[in-house]
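J.: Residues per chain are reported as follows:
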Amino acid sequence: MYDIRGYYEAETVREATELLRANPKLKIIAGGTDVLVKMHGGQLEDAELLSIRKIQELRDIRKLENGTIAVGPMATFTNVFNDQVVNKYVPILAEAAISMGGPQIRNIATIGGNVCNGATSADSASSLFALNARLKLQTFQGERVIPIQEFYLGPGKVDLKPGEVLTDILIYPEDYQGFGGQYIKFAMREAMDIATLGVAVLCKLDSGNFGEIRIGLGVAGPTPLRCVEAEEFARGKKISLETIGEIGKLAVKSTKARTSWRASKEYREHLVEELTQRALQTAIVRAGGVDFV
Amino acid sequence: MFKKISFTVNGKSYTLEVDVRMSLLELLRNQLGYTGAKQGCSVGECGACSVLIDGTPYDSCIYLAVWADGKAITTIEGVAAKNGELSKVQKAFVEEGAVQCGFCTPGLILTTTAMTESGNDYTREEVKRELSGHLCRCTGYQNILKAAEKSLEGHICTCVDSPHYKQQQEQLKERQ
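In order, the protein sequence lines correspond to chains Y and A. Using the working numbering, the letters of the first sequence map in sequence onto residues 1 to 293. Using the working numbering, the letters of the second sequence map in sequence onto residues 294 to 469.
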């Protein structure tokens with residue numbers, strides 16, 4: 001038996017925000033693959049749960065008229081991986097989705113839960129960081145839209161204020177149109193493993209030169225992060241193995257990797273340098289550029 | 294705190310007041326007697342507790358019993374025919390020697406059953422991926438993979454050089 005004191009179900013966002021207003025202590029449960037496992041481990045006790053599983057409107061993935069991709073936070077990783085809009089416009093999110101857990105977990109774990117759990121190792125996070133994803137957070141009184149970078153505050157800590165529900169993950173057209181990309185998850189096993197490092201790279205070309213590149217990393221610091229220095233360096237540079245090597249080196253500068261039982265700081269930094277280059281090379285090809293391999 | 298839910302297990306209907314603290318695995322094993330679903334890691338890593346919910350495999354240990362409301366659940370007890378004849382998937386597992394201690398077997402058979410019933414074709418890599426949520430500590434997976442492929446009438450060949458590849462591609466085209 002789980003240590004659950006109360007259990008409430010909302011069928012609409014409105015109902016969820018009303019319940020949260022009445023009792024801000026309610027812990028939102030979506031797929032449950034983090035919340036229930038935390039309860040099992042004693043990290044969450046005597047919980048009052050608010051299930052948002054019945055809110056159908058939060059499950060849709062769609063392309064809005066203005067080109068924005070809106071991913072419903074209750075979309076499961078299986079939904080994200082199989083979704084046509086995701087595969088066509090933001091394939092690095094599909095690559096991230098299929099790398100997470102195993103099939104049974106992907107069938108129930110949600111992308112919104114992955115984000116709100118606040119782990120630096122969240123498989124969706126590196127891609128969402130590279131895509132400059134925005135999060136729409138709703139309360140009883142209103143809503144706000146913030147960049148995902150501002151949402152992650154620290155390990156397991158996110159800026160989900162009392163009474164708020166994540167209701168949309170938005171990717172604007174300028175953040176995916178014209179980009180090629182790749183997500184690489186580095187882990188000891190190919191399934192059911194937590195990333196040693198996650199690397200998502202997006203790249204836009206400008207007549208033989210780098211236009212814009214984006215590097216999102218997971219497990220390279222207390223939160224997922226972007227490699228701003230490397231990204232700025234790349235802008236307008238000629239595409240060559242030398243430039244790519246330099247970008248890999250600069251990417252390490254943005255990291256705050258630490259030693260854990262999974263890997264040492266030095267090993268993680270080596271992975272950042274190497275995998276950033278590999279992902280970038282694939283991203284270049286997918287953006288229509290030359291293949292260096 | 295209790296909640297009234299209705300659901301079916303292997304076609305049999307139930308309407309019960311369930312404790313909201315209970316997992317689906319606890320409900321199935323302790324209250325309804327479907328002990329084919331095993332309790333392994335309890336955190337969704339080993340797949341021993343897997344059941345099909347509306348045809349899709351889930352880890353029942355991290356699935357609250359109240360979520361089963363309105364769902365059709367299949368456990369290993371519901372796979373064989375009523376007269377006791379094993380299903381095609383079960384037979385393949387027996388024939389390929391894919392069972393040793395048997396603890397992971399119910400989950401693996403259910404996931405394989407879900408694959409066969411999806412009507413999709415799978416490459417060997419995809420079969421491996423679909424089975425990757427099940428840990429087996431006895432067999433080394435080779436025989437399990439063989440049994441799964443046998444259930445699926447072989448895997449889709451990806452070695453373009455093999456004679457089998459061309460033959461299979463033609464068959465797939467025909468089916469479409």
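Worth flagging that the hints you see were computed from the coordinates, not collected in a lab. Backbone N, C-alpha and C fix where the C-beta goes; we use that ideal spot for every residue, glycine too. There may be inaccurate statements among the hints.
As the list claims (entries may be wrong) - Sample of chain Y residues at the chain A side, in silico, Cβ under 10 Å:
#1 3
#2 19
#3 23
#4 24
#5 27
#6 49
#7 78
#8 98
#9 102
#10 109
#11 188
#12 189
Stated by the list, open to error - In silico DSSO-like links for lysine-lysine, alpha-carbon gap of 27 Å or less:
#13 A:466 x Y:88
#14 A:421 x Y:25
#15 Y:54 x A:439
#16 A:443 x Y:54
#17 Y:38 x A:305
#18 Y:88 x Y:249
#19 A:459 x Y:54
#20 Y:25 x Y:204
#21 Y:88 x A:364
#22 Y:253 x Y:238
#23 Y:27 x A:305
#24 A:466 x A:443
#25 A:296 x Y:27
#26 Y:38 x Y:238
#27 A:459 x Y:38
#28 A:466 x Y:54
#29 Y:157 x Y:253
#30 Y:249 x Y:238
#31 A:439 x A:459
#32 Y:157 x Y:88
#33 A:305 x Y:25
#34 A:297 x Y:27
#35 Y:88 x Y:63
#36 A:296 x Y:38
#37 Y:265 x Y:249
#38 Y:204 x Y:54
#39 A:364 x A:375
J.: Starting from the hint list further up, note which numbers the structure goes against and sort them upward.
T.: 2, 3, 4, 5, 11, 14, 15, 16, 17, 18, 19, 20, 21, 23, 26, 27, 28, 32, 33, 38
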